[in-house]
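**Q** Listed below are the residues making up each chain.
There are 2 protein chains.
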Amino acid sequence: MKTDLLNWKHVFKLDPDRYLDDDDLEQICRSGTDAIIVGGSSGITYDNTADLLSRIRRFEVACTLEISDRDAIVPGFDLYFIPVVLNTEDGAWITGQHHKAIRENSSILDFDLVVPEGYVILNKQSTAALVTGAHIPETQEDLTAYALMADRLFHMPVFYIEYSGIFGDMTWVRAARATLRGARLFYGGGIRTPEQAVCALDAADTIVVGNIIYENISLALATVPGRLKHKSEENNHESSHSYL
Amino acid sequence: MKTDLLNWKHVFKLDPDRYLDDDDLEQICRSGTDAIIVGGSSGITYDNTADLLSRIRRFEVACTLEISDRDAIVPGFDLYFIPVVLNTEDGAWITGQHHKAIRENSSILDFDLVVPEGYVILNKQSTAALVTGAHIPETQEDLTAYALMADRLFHMPVFYIEYSGIFGDMTWVRAARATLRGARLFYGGGIRTPEQAVCALDAADTIVVGNIIYENISLALATVPGRLKHKSEENNHESSHSYL
Numbered sequence: 458m459k460t461d462l463l464n465w466k467h468v469f470k471l472d473p474d475r476y477l478d479d480d481d482l483e484q485i486c487r488s489g490t491d492a493i494i495v496g497g498s499s500g501i502t503y504d505n506t507a508d509l510l511s512r513i514r515r516f517e518v519a520c521t522l523e524i525s526d527r528d529a530i531v532p533g534f535d536l537y538f539i540p541v542v543l544n545t546e547d548g549a550w551i552t553g554q555h556h557k558a559i560r561e562n563s564s565i566l567d568f569d570l571v572v573p574e575g576y577v578i579l580n581k582q583s584t585a586a587l588v589t590g591a592h593i594p595e596t597q598e599d600l601t602a603y604a605l606m607a608d609r610l611f612h613m614p615v616f617y618i619e620y621s622g623i624f625g626d627m628t629w630v631r632a633a634r635a636t637l638r639g640a641r642l643f644y645g646g647g648i649r650t651p652e653q654a655v656c657a658l659d660a661a662d663t664i665v666v667g668n669i670i671y672e673n674i675s676l677a678l679a680t681v682p683g684r685l686k687h688k689s690e691e692n693n694h695e696s697s698h699s700y701l
Numbered sequence: 458m459k460t461d462l463l464n465w466k467h468v469f470k471l472d473p474d475r476y477l478d479d480d481d482l483e484q485i486c487r488s489g490t491d492a493i494i495v496g497g498s499s500g501i502t503y504d505n506t507a508d509l510l511s512r513i514r515r516f517e518v519a520c521t522l523e524i525s526d527r528d529a530i531v532p533g534f535d536l537y538f539i540p541v542v543l544n545t546e547d548g549a550w551i552t553g554q555h556h557k558a559i560r561e562n563s564s565i566l567d568f569d570l571v572v573p574e575g576y577v578i579l580n581k582q583s584t585a586a587l588v589t590g591a592h593i594p595e596t597q598e599d600l601t602a603y604a605l606m607a608d609r610l611f612h613m614p615v616f617y618i619e620y621s622g623i624f625g626d627m628t629w630v631r632a633a634r635a636t637l638r639g640a641r642l643f644y645g646g647g648i649r650t651p652e653q654a655v656c657a658l659d660a661a662d663t664i665v666v667g668n669i670i671y672e673n674i675s676l677a678l679a680t681v682p683g684r685l686k687h688k689s690e691e692n693n694h695e696s697s698h699s700y701l
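These protein sequence lines are chains A and B, in that order.
Residue numbers for the first sequence follow our numbering, beginning at 458 and rising by one.
Residue numbers for the second sequence follow our numbering, beginning at 458 and rising by one.
Honestly, the hints are just simulated from the structure, not real lab data.
Be a bit skeptical, because a hint or two may be false.
A pair counts as met if it fits within one copy or between any two copies, since identical chains are not told apart.
[Stated by the list, open to error] Here are the simulated EDC-like pairs of lysine to aspartate or glutamate, each with C-alpha atoms no more than 16 Å apart in a straight line:
no. : residue 1 : residue 2
1   : LYS557    : ASP474
2   : LYS557    : GLU598
3   : LYS470    : ASP491
4   : LYS581    : ASP478
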């Protein structure tokens with residue numbers, strides 16, 4: 458499973474604290490996306506996480522938990538992403554919570570399924586930034602230094618740029634990706650249209666689509682690379698965009 | 458060079474801020490130790506680091522810089538150890554200083570020579586603990602959870618237990634080592650006799666001998682594994698200890 462993520466181009470992020478009806482969930486799971494990430498910044502509990510997992514498990518799609526609360530580590534996911542927030546002064550979000558989670562779960566935790574994410578938060582208005590006390594990178598060089606840290610110092614498999622709610626500066630994202638040798642660049646934030654998905658995927662390795670799922674399911678589904686290609690073929694190549 | 462450290466059993470740590478005369482330095486460098494680590498908790502400058510490196514370079518021993526101040530990153534060392542303090546709430550000692558160091562030195566830093574150390578400080582009276590605001594592990598399980606974090610979450614090549622000045626609890630050190638799969642356990646703190654060296658090396662993979670160098674050079678030299686074996690052979694195996 459860990460090696461699978463090297464091929465992920467598109468993932469949907471589902472929030473256990475937000476409502477999604479069965480039809481929409483089925484469409485998301487059958488969309489052709491590479492994986493579902495379950496995670497959110499607030500209101501995450503064991504029960505709502507377990508409930509969402511059981512609903513996703515009716516389909517074949519790969520399903521990953523992005524751990525944000527150590528009381529909500531539910532067994533049965535394919536992978537466990539562990540965010541390590543690189544741009545905060547608060548050690549709780551870098552190693553503190555992680556230490557407690559490992560101490561409490563060391564007997565049941567299968568580290569072969571655990572993937573650390575070097576996380577950088579770029580939207581200072583986001584819940585994630587407020588909760589973690591993130592210091593937002595002020596320059597492109599600030600961001601690429603974080604990319605180097607995740608990739609070359611910590612040898613993390615994932616470097617995650619989180620704009621959380623706003624569509625980011627793809628010049629910065631592209632520059633960060635150019636510094637990576639081993640890590641895969643995940644980009645999340647403000648992808649609400651197929652055009653933005655194309656643009657983000659041109660800069661990042663993997664794009665994460667979240668909020669739009671709860672606002673406009675059709676637009677969300679249209680961000681899946683295979684779907685866009687399909688659509689453009691049906692439209693006799695009217696679109697100049699291609700994911701592949 | 459990085460792979461060499463997998464075979465290190467004994468290293469001397471030299472402090473650029475402490476005086477060592479040429480004869481003592483030569484004895485340390487020719488002692489048969491596996492490497493010299495240059496590092497300290499206070500008073501480290503570019504000049505005193507460069508000066509010590511140039512004096513060590515008269516000999517063939519491997520020489521590593523343990524970076525504690527980003528203004529004192531001197532080129533020319535064989536390896537660069539970067540402490541990542543796992544047991545602090547102050548992000549500056551986990552990722553903050555590291556980010557600044559990478560940003561300032563990204564053009565000259567050769568990451569192939571960089572080795573992250575998962576660092577846990579266990580002596581709350583030590584300068585390292587005071588400077589970093591370390592939370593001292595209260596139980597053996599606290600320590601082994603840090604070992605798991607360094608080894609299985611961060612995949613760091615070195616897990617460093619630093620008792621800094623006092624001889625630690627080897628039961629804890631041994632338990633921490635038992636949890637490691639890939640990381641090598643470095644132990645430092647209070648090794649002042651060959652007997653303590655034997656005891657520490659029985660629990661750890663690599664032992665770090667520091668302060669005693671400046672207090673009793675003969676005792677310091679006697680902690681080198683090869684020397685102890687030699688001595689015991691000369692004494693017709695009077696000593697029951699053996700490093701090998």
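**Q** Run through the hints listed earlier and report the numbers of any the structure violates, in increasing order.
**A** 1 and 4
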